[in-house]
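For reference, the chains in residue letters:
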Amino acid sequence: MKIRNQNAGRRRVLKGLTGIAGIASGALLSAVPAAFAQLPSNVRPPLDVLVAVLKDITRGAPVREARVKLDIPHLAENGHLVPLTVTVESPMTAADHVTTLYLLSEKNPRPIIAKIGMSPGSGRAALTTRIRLAGAQHVVALAQMSDGSFWAAAADVIVTETACLDASDIT
Amino acid sequence: MSTFRVIPLLWCFVALAGITAPASAAEPRRPDPLKSGLDFSGAEIRALQQDDFSSPAMLWVTRGEKLWSEPAGKSEKSCAGCHQDARTSMKGVSARYPKIDPGTAQLTNIEGRINQCRERNQQAPALRYESDELLALTAYVGLQSRGLPVNVTIDPQNQRDFERGRDMFYTRMGQMNLACTHCHDRNFGRKLLNDTISQGHGNPYPAYRLEWQTVGSLHRRLRACFFGVRAELPPAGSQDLLDLELFLAWRSQGLKVETPGVRK
Amino acid sequence: MSVARLLVPAQAKRGEVIEIRIAIQHPMETGFRMDNMGKVIPKNTISNLLCRYNGTEMFRAEMGSGIAANPYLQFYIVAQDSGNVEISWVDDAGEKGTASATLTVLQ
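Residue numbers (our numbering), protein chains in the order written: chain E, 1 to 171; chain Y, 1 to 264; chain P, 1 to 107.
One or more hints might be untrue.
[To be verified] Some chain P residues judged to face chain E by a derived CB distance under 7 angstroms, without partners named:
(1) A61
(2) M63
(3) G66
(4) F75
(5) I77
(6) V78
(7) E95
[Unchecked claim] The calculated lysine to aspartate or glutamate pairs, modelled on DMTMM-like cross-linking and capped at a C-alpha distance of 25 angstroms, are:
(8) K43/P to E211/Y
(9) K115/E to D35/P
(10) K35/Y to D147/E
(11) K39/P to E119/Y
(12) K115/E to E62/P
(13) K107/E to D92/P
(14) K107/E to E16/P
(15) K96/P to E133/Y
(16) K69/E to D35/P
(17) K43/P to E130/Y
(18) K91/Y to E119/Y
(19) K115/E to D92/P
(20) K191/Y to D156/E
(21) K107/E to D166/E
(22) K66/Y to E86/P
(23) K39/P to D155/Y
(24) K55/E to D147/E
(25) K99/Y to D155/Y
(26) K69/E to E16/P
(27) K115/E to D156/E
(28) K107/E to D35/P
(29) K39/P to E161/E
(30) K115/E to D166/E
(31) K107/E to D147/E
(32) K107/E to E211/Y
Worth flagging that the hints you see were computed from the coordinates, not collected in a lab.
Every residue gets a Cβ at the ideal spot worked out from N, C-alpha and C, and that includes glycine.
Build the full structure now, drawing on both the sequences and the hints.
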C-alpha cells in the first residue's frame with residue numbers, strides 16, 4: 001500500500017482543490033491525485049472530504065490561493081488546542097468586504113470547524129481562535145467576499161499523540 | 001590497548017562514577033539547573049500561559065475570585081469575610097505549602113486547608129478534588145504566590161512525611177518498574193516519543209493541561225504519572241500524594257510559583 | 001454557570017478599529033467521547049455566538065466540536081458611537097450566556 005506523502009505541501013493541496021472546485025459534479029473523483037490510485041477502493045483519500053466540503057460551499061466557483069494568510073503552528077503541541085490566526089486582505093468597506101470565513105479540516109469527523117460571519121463594521125478581517133485537530137492534517141481557511149469570490153490558504157499541521165497515556169480522570 | 005592507557009581510562013571511569021552518581025533516596029538532590037516545565041514546553045504553551053487574558057487557566061481564577069466573596073455554608077460567611085483581600089492575605093501562602101496544620105498536626109496542602117476552613121469556619125461541606133469550585137479557589141489562592149519562590153521548610157514535624165515522599169520518588173513502581181527519578185532526574189530534556197521530559201515540578205499547579213481540556217490539581221497530575229508507569233493510582237488527597245507533594249516542593253525550592261500554569 | 005471573560009477597550013476614537021477578545025469556560029463536548037462506563041457523552045458545544053454593538057450584529061461565529069474547549073475568539077469592530085458591546089451565545093443544551101462591556105467613543 002502506498003504511504004501518503006506527508007509533505008504534500010500547500011500548493012499541491014490548493015491546486016487540487018482549485019481545479020476540483022471548478023469541475024462540474026461527477027468529474028470529482030477523476031481529479032484525485034495519482035498517488036492515491038493504488039489504494040484499496042474502500043480507503044477514501046482524505047482530500048476527498050475537503051474537496052466535497054469546498055464544492056458544497058463554493059458551488060463550483062473557483063477558489064484562489066491569495067489574500068488569505070493562515071498562521072498556525074506546523075507542529076502542534078497537542079491536538080486538543082491548536083491556536084491559529086486568519087487574516088484576509090480586504091478594505092472591509094460596504095462595497096468590498098469578507099462576508100464569511102470558513103475554517104475547514106481535512107480529517108476531523110466534522111470538516112467545518114467554524115463559519116464566521118463578518119461585516120463592514122468589522123473593520124479588519126482577522127480572527128484568532130483555537131481549534132481541535134484529530135491527527136496530522138491540512139487546515140484550510142476559506143474567505144467568501146461580498147462580490148461572491150472565494151479566496152483561501154491552506155496549512156499542513158503535524159499533530160502527535162501524547163507519550164504517556166493519562167487516565168487521571170478515573171475516580 | 002597498552003597498560004599505561006588503560007589505567008588512566010579506568011581512573012576516569014571511577015572518577016566520573018563518583019561525580020555523576022545518580023540521586024537516590026540516600027542522597028536526594030535537586031535537579032541542577034532547576035528548570036520550570038515551561039522551559040521544556042513549546043512556544044504555543046508559553047504564549048498561552050503568559051497572556052493573562054487568553055490563558056484558559058485564568059477562567060478558573062475568575063471563578064475563584066467570585067467564590068472568594070460568596071457566602072458559603074450555614075455560616076453565610078465568605079472567605080473574604082475573614083481574609084479580606086486575597087491579594088494581601090494570601091500573598092506567599094501557596095509557596096509555603098504543603099505544611100503541617102497546627103490544629104490537626106497533619107501534613108496539609110492548599111486543597112486540604114481550604115476544605116478545613118469550609119468545614120470548620122463556614123460550616124460548609126468539603127469540596128471534591130477536581131470540582132470546578134475547589135480548582136477555582138486553589139487557583140485563585142495560588143495566583144497570589146505567582147512569581148514567588150517555592151519555600152517549604154523540612155523540620156522534625158514533617159520529617160517523616162518528607163522521608164516517605166522522598167522514598168516514593170526513588171522507588172521503582174508499576175508494570176513499567178520505573179521510579180520518578182528515572183525520567184525526571186536522569187532524562188529531563190530528552191524525548192519520550194514527541195514529548196520533552198520535564199523535571200517534574202509542581203510549581204504551576206493547579207494548571208490547565210491541554211490533554212485534560214480543563215484545569216486540574218497537582219494530585220491529578222501525579223495520578224496521571226502513576227498511570228503512565230501502570231502503577232495503582234493513589235486517591236487524590238491521600239497521604240501518599242501529600243508526602244510526594246512535600247518532597248516535590250522541597251525539590252523545587254527556589255523555583256517560581258507559576259499558578260495557574262498551562263501545560264500540554 | 002460558565003465563566004466568561006470579555007475584553008473591550010474602555011475607550012476609542014471614532015472610526016478606530018478595536019480588538020474584541022472573549023474567552024468562555026465551556027467543555028465543547030464533541031459527542032465522540034465516552035465516560036468511564038463506556039456511555040457516550042452527548043455533544044454539547046456553543047453553536048452560535050453573536051457580537052452586537054449598540055444592538056447591531058457585527059460578528060457571528062457558528063462553531064462546532066472543532067473549536068477547542070473553553071473557546072477563545074479575538075476579532076475586530078469599528079468604533080462608531082459610545083455604547084454597549086454585547087456577546088451572546090447558546091449551546092446545544094440550550095444554555096444561554098452573555099457578556100457585555102461599555103465602550104466610550106471619543107469624537
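Cross-check of the supplied hints:
no.: 1; hint: A61; verdict: 5 angstroms, holds
no.: 2; hint: M63; verdict: 5 angstroms, holds
no.: 3; hint: G66; verdict: 3 angstroms, holds
no.: 4; hint: F75; verdict: 5 angstroms, holds
no.: 5; hint: I77; verdict: 6 angstroms, holds
no.: 6; hint: V78; verdict: 4 angstroms, holds
no.: 7; hint: E95; verdict: 19 angstroms, violated
no.: 8; hint: K43/P to E211/Y; verdict: 19 angstroms, holds
no.: 9; hint: K115/E to D35/P; verdict: 29 angstroms, violated
no.: 10; hint: K35/Y to D147/E; verdict: 54 angstroms, violated
no.: 11; hint: K39/P to E119/Y; verdict: 35 angstroms, violated
no.: 12; hint: K115/E to E62/P; verdict: 5 angstroms, holds
no.: 13; hint: K107/E to D92/P; verdict: 23 angstroms, holds
no.: 14; hint: K107/E to E16/P; verdict: 39 angstroms, violated
no.: 15; hint: K96/P to E133/Y; verdict: 21 angstroms, holds
no.: 16; hint: K69/E to D35/P; verdict: 39 angstroms, violated
no.: 17; hint: K43/P to E130/Y; verdict: 22 angstroms, holds
no.: 18; hint: K91/Y to E119/Y; verdict: 23 angstroms, holds
no.: 19; hint: K115/E to D92/P; verdict: 16 angstroms, holds
no.: 20; hint: K191/Y to D156/E; verdict: 23 angstroms, holds
no.: 21; hint: K107/E to D166/E; verdict: 24 angstroms, holds
no.: 22; hint: K66/Y to E86/P; verdict: 21 angstroms, holds
no.: 23; hint: K39/P to D155/Y; verdict: 49 angstroms, violated
no.: 24; hint: K55/E to D147/E; verdict: 18 angstroms, holds
no.: 25; hint: K99/Y to D155/Y; verdict: 10 angstroms, holds
no.: 26; hint: K69/E to E16/P; verdict: 23 angstroms, holds
no.: 27; hint: K115/E to D156/E; verdict: 20 angstroms, holds
no.: 28; hint: K107/E to D35/P; verdict: 24 angstroms, holds
no.: 29; hint: K39/P to E161/E; verdict: 23 angstroms, holds
no.: 30; hint: K115/E to D166/E; verdict: 32 angstroms, violated
no.: 31; hint: K107/E to D147/E; verdict: 30 angstroms, violated
no.: 32; hint: K107/E to E211/Y; verdict: 19 angstroms, holds
Hints 7, 9, 10, 11, 14, 16, 23, 30 and 31 from the earlier list are contradicted by this structure; the remaining hints agree with it.
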